[in-house]
Amino acid sequence: MATKVYIVYYSMYGHVEKLAEEIKKGAASVEGVEAKLWQVGAALSFHIFVFEMQNLDYANPEKVSASLCYL
Numbered sequence: 001m002a003t004k005v006y007i008v009y010y011s012m013y014g015h016v017e018k019l020a021e022e023i024k025k026g027a028a029s030v031e032g033v034e035a036k037l038w039q040v041g042a043a044l045s046f047h048i049f050v051f052e053m054q055n056l057d058y059a060n061p062e063k064v065s066a067s068l069c070y071l
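Each residue of the sequence shown is one higher than the one before, counting from 1 in UniProt numbering.
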């Protein structure tokens, strides 16, 4: 049974996609590994990002809003 590896990524301009493809090649080169790419859409709208960054409590960075956490 093959080990399945999913490379989940978001790429706006294609740079991260190229990295993901290289990661896939490396993973697939291992015997018994089946690697697949899974591109996802933006996890955060620009407007929410701007709002959150304007209201970020820089004195307490550990209190980052859940909306800024992708995974």
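Incorrect hints may appear among the rest.
Simulated pairs of lysine-lysine, DSS-like, Cα-Cα distance not exceeding 27 angstroms [what the hints assert, rightly or not]:
#1 LYS4 - LYS36
#2 LYS4 - LYS25
#3 LYS24 - LYS36
Cβ-Cβ distance ranges computed for the label pairs, FRET-style [unchecked claim]:
#4 SER45 - ALA2: 35 to 41 angstroms
#5 GLU31 - TYR6: 29 to 35 angstroms
#6 VAL50 - TYR13: 18 to 24 angstroms
#7 VAL30 - GLN54: 18 to 24 angstroms
#8 MET1 - VAL40: 32 to 38 angstroms
#9 VAL30 - TYR9: 29 to 35 angstroms
#10 THR3 - PHE51: 16 to 22 angstroms
#11 LYS36 - HIS15: 16 to 22 angstroms
#12 MET1 - GLN54: 48 to 54 angstroms
#13 VAL50 - MET1: 45 to 51 angstroms
Source of the hints: derived by calculation from the structure; they are not laboratory data.
For glycine and all other residues, C-beta sits at the position ideal for the given N, C-alpha and C.
Against the structure, the hints:
1. Straight-line distance between C-alpha atoms of LYS4 and LYS36 comes to about 8 angstroms, which keeps the hinted pair within the 27 angstroms bound.
2. Note on LYS4 and LYS25: the hinted pairing holds, with a Cα-Cα distance of about 13 angstroms set against a maximum of 27 angstroms.
3. Simply put, LYS24 and LYS36 have alpha-carbon atoms about 7 angstroms apart, close enough for the 27 angstroms limit, and the pair holds.
4. For the pair SER45 and ALA2, the beta carbons lie near 37 angstroms from each other, so the given range of 35 to 41 angstroms is met.
5. Separation of GLU31 from TYR6 is about 18 angstroms and departs from the stated range, judged on CB atoms against 29 to 35 angstroms.
6. Checked against the hint of 18 to 24 angstroms, the pair VAL50 and TYR13 passes, with Cβ atoms roughly 19 angstroms apart.
7. About 45 angstroms separates the C-beta atoms of VAL30 and GLN54, a value inconsistent with the hinted range of 18 to 24 angstroms.
8. Between MET1 and VAL40 the Cβ separation comes to about 26 angstroms, which falls outside the hinted range of 32 to 38 angstroms.
9. Distance hint check for VAL30 and TYR9: the Cβ-Cβ separation is about 19 angstroms, which falls outside the suggested range of 29 to 35 angstroms.
10. Hint check: THR3 to PHE51, Cβ distance near 41 angstroms, so the stated range 16 to 22 angstroms is violated.
11. About 20 angstroms separates the C-beta atoms of LYS36 and HIS15, a value consistent with the hinted range of 16 to 22 angstroms.
12. Hint check: MET1 to GLN54, Cβ distance near 50 angstroms, so the stated range 48 to 54 angstroms holds.
13. The hinted window of 45 to 51 angstroms between VAL50 and MET1 holds, with their beta carbons roughly 46 angstroms apart.
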